[in-house]
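**Q** Chains as they are written, first to last, in the numbering used here: chain A, 1 to 91; chain B, 1 to 91.
The hints are simulated quantities; they were obtained by calculation from the structure and are not laboratory data. Do not rely on the hints blindly, as some may be mistaken.
Which copy is meant is left open, so a pair is good if it fits within one copy or across any two.
Unchecked claim - Restricting the straight-line Cα-Cα distance to at most 20 Å, the calculated cross-link-like pairs of lysine to aspartate or glutamate (EDC-like) are:
1. Lys47 with Glu24
2. Lys63 with Glu24
3. Lys58 with Glu84
4. Lys11 with Asp41
5. Lys63 with Asp22
6. Lys13 with Glu50
7. Lys63 with Glu50
8. Lys11 with Asp57
Protein chains: 2
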Amino acid sequence: MGTITNIFIAKIKILKRSSINDPEGNTIAEALNNLGFNDIDSVRIGKYIEITLESKDKRTAEKIVNRMCETLLVNLVIESYQVEINPYIVK
Amino acid sequence: MGTITNIFIAKIKILKRSSINDPEGNTIAEALNNLGFNDIDSVRIGKYIEITLESKDKRTAEKIVNRMCETLLVNLVIESYQVEINPYIVK
Numbered sequence: 001m002g003t004i005t006n007i008f009i010a011k012i013k014i015l016k017r018s019s020i021n022d023p024e025g026n027t028i029a030e031a032l033n034n035l036g037f038n039d040i041d042s043v044r045i046g047k048y049i050e051i052t053l054e055s056k057d058k059r060t061a062e063k064i065v066n067r068m069c070e071t072l073l074v075n076l077v078i079e080s081y082q083v084e085i086n087p088y089i090v091k
Numbered sequence: 001m002g003t004i005t006n007i008f009i010a011k012i013k014i015l016k017r018s019s020i021n022d023p024e025g026n027t028i029a030e031a032l033n034n035l036g037f038n039d040i041d042s043v044r045i046g047k048y049i050e051i052t053l054e055s056k057d058k059r060t061a062e063k064i065v066n067r068m069c070e071t072l073l074v075n076l077v078i079e080s081y082q083v084e085i086n087p088y089i090v091k
């Protein structure tokens, strides 16, 4: 499949669209309030996905990850997402 | 409670610690692979939480959000988290 040399890490944040109710977020907001955190305006809960993948460059990685999101990871009818891609650095 | 004037948005990313198995992530990796995305090294799935809150300054907001994470939002035995706090800008 050609020369693939670079490893990238994609950080994907997925949230329900702001027009969509988030009952889980409301429950957490209430629980935090009951614990004494009284200055909360809103809580929204979503998914966070980290994908490490091989790709020839960042632009290509970005395209691939956007396709992953739109094909499988995100339900675009009710969710929106943000992707951030960086070279993967071994810890 | 004094004068609270600033609104901040806290973006919290929660992932299982790397020593902990992530079966949901493995399932997604397999599904993506079956869809033709063959250059994936790993997939980790976690939670993403956005909290808007009122606080006198960013440092205080950061302290409060860290306390929320450690009290309720994150299970520190198996999860780790990252917080990013910014002034809230109305869209």
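**Q** Run through the hints listed earlier and report the numbers of any the structure violates, in increasing order.
**A** When the structure is compared with the hints, numbers 2, 5 turn out to be violated.
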